[in-house]
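Asker: Chains as they are written, first to last, in my numbering: chain A, 8 to 90; chain B, 8 to 90; chain C, -16 to 134; chain D, -16 to 134.
The set of hints was computed from the structure by calculation and includes no laboratory data. This one's a predicted model, so the numbers in the text were calculated from it and none came from an experiment.
Derived pair list, reagent style DSS-like, types lysine-lysine, alpha-carbon separation capped at 27 Å:
id : chain 1 : residue 1 : chain 2 : residue 2
1  : C       : Lys108    : C       : Lys43
2  : A       : Lys79     : D       : Lys43
3  : C       : Lys109    : C       : Lys43
4  : D       : Lys27     : D       : Lys109
5  : C       : Lys131    : D       : Lys131
6  : C       : Lys43     : B       : Lys79
7  : C       : Lys109    : C       : Lys27
8  : C       : Lys43     : C       : Lys131
9  : C       : Lys108    : C       : Lys131
So these bits of chain B aren't anywhere near chain C, every CB distance computed over 10 Å:
id : residue
10 : Glu31
11 : Leu54
12 : Leu71
Glycine residues also receive a C-beta, built at the ideal position from the N, C-alpha and C atoms.
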Amino acid sequence: MIIRYFAWIRERLNRDQQELALPESVQTVADALDHLRATDEDFAAILPPETVFRVALDDELVELDTPLGNAKELSIFPPMTGG
Amino acid sequence: MIIRYFAWIRERLNRDQQELALPESVQTVADALDHLRATDEDFAAILPPETVFRVALDDELVELDTPLGNAKELSIFPPMTGG
Amino acid sequence: MTVTVNLQQEMFDAGALVNQFTRDLPEAGAVATFTGLVRSTPDKPIRALILEHHPTMAQKQIERFAQEATDRFDLLAIEVVHRFGEMQVGEPIVQVMAASHHRQSAFDGANYVMDWLKTDAPFWKKEVGPDGSYWVDARETDETAKEKWTK
Amino acid sequence: MTVTVNLQQEMFDAGALVNQFTRDLPEAGAVATFTGLVRSTPDKPIRALILEHHPTMAQKQIERFAQEATDRFDLLAIEVVHRFGEMQVGEPIVQVMAASHHRQSAFDGANYVMDWLKTDAPFWKKEVGPDGSYWVDARETDETAKEKWTK
Chain A
8 MIIRYFAWIR ERLNRDQQEL ALPESVQTVA DALDHLRATD EDFAAILPPE TVFRVALDDE
68 LVELDTPLGN AKELSIFPPM TGG
Chain B
8 MIIRYFAWIR ERLNRDQQEL ALPESVQTVA DALDHLRATD EDFAAILPPE TVFRVALDDE
68 LVELDTPLGN AKELSIFPPM TGG
Chain C
-16 MTVTVNLQQE MFDAGALVNQ FTRDLPEAGA VATFTGLVRS TPDKPIRALI LEHHPTMAQK
44 QIERFAQEAT DRFDLLAIEV VHRFGEMQVG EPIVQVMAAS HHRQSAFDGA NYVMDWLKTD
104 APFWKKEVGP DGSYWVDARE TDETAKEKWT K
Chain D
-16 MTVTVNLQQE MFDAGALVNQ FTRDLPEAGA VATFTGLVRS TPDKPIRALI LEHHPTMAQK
44 QIERFAQEAT DRFDLLAIEV VHRFGEMQVG EPIVQVMAAS HHRQSAFDGA NYVMDWLKTD
104 APFWKKEVGP DGSYWVDARE TDETAKEKWT K
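Chain A on its own, in the form it takes in the complex (with noise of 0.2 Å):
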């Protein structure tokens, strides 16, 4: 799967996007979250779970209990401020 990074988070976490192999056990969207967590320092100090930020899986806003199903992107960003 691809994770795509916006705005600050993509600054703070030095990358704008990267490819990762999920396990078997990862079926959410907060699952995801909690693997990267577990597996990267970085995402774990400047994402923990009570940041306010959205997350998207191939263009879609979804919510944290989403099923990834078969999902090529998930896109992690702040709230929006265009317009």
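Position chains B, C and D relative to chain A; hints supplied.
Answerer: Relative to chain A, chains B, C and D alone:
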């Protein structure tokens, strides 16, 4: 006093304005209209009391019972359809 | 805070007005524009529109609505251009532009002026159709549109 | 009924877009336009704005809001142009244009898209000020603005 007419009222009366010396007894807009009806057959036929129209004194929309005061112009016209 | 009202017979360039209006407002984050155009629809085709107006009264009334909108919605600037005389299908009739720090007040300012303009500005429309020309009746919905601002 | 969404880095000419949009709509009596601009105010001066976006997601989301606005307000056409990258003070960021037979639906269409855009389109603002650059926080009022459409 100058009486000005607009839109279909102007067309049907076949004049866009007229000068009128009003007797002392004419105090309000309604008095002026009654005076016009009494002295002008065309006006009486085209603007009977039940007609829907509006009036302005010196560029301000007014009601029928508004006193003429020192106004120089009385404008008579249909409801507006601008914009 | 600038209020500009122009009544004119000549055609105007809607886009050029928007750019002109916006150019000198470095603090404005939001500009809302409404453009009213002469329209012809299949069920009610027209060839042209003739707009009669009461010049002095129209100028005063529109300046008043524009000033009210400025005060009420804290606008940085507002401009109204309204044509009179004969216009062809597709040509602009009226344009209202409102500038503000924030988008909602810009929208509300332009919308407010348009609602009052429709019912209270002394303009009268005569449509030139295939079967002759006729004066347009005042519409009930325009009166009710105005009421939303007095709630 | 046309929905057009353009995401672009280049500057655009707000007025030229209005004229282009309006040109081919003989049935449209009403065009409402919203232009969002880079602003700098004395109490919060900025030199420039950098707008980051999620390209594929932004395109899809905005097309969806625009289509929803079209259906909901019976629009004849809607066009959204949104820039990304670096912009200078006074430059346009976004423009929404909605055409309809009637003025209120044109206003509502443009307003609806802007409200959703602010909160749900994947764009992030970074302001370049005198003391460095910083990411803009999401505003509570933008979330509440959206709620008026679900009443």
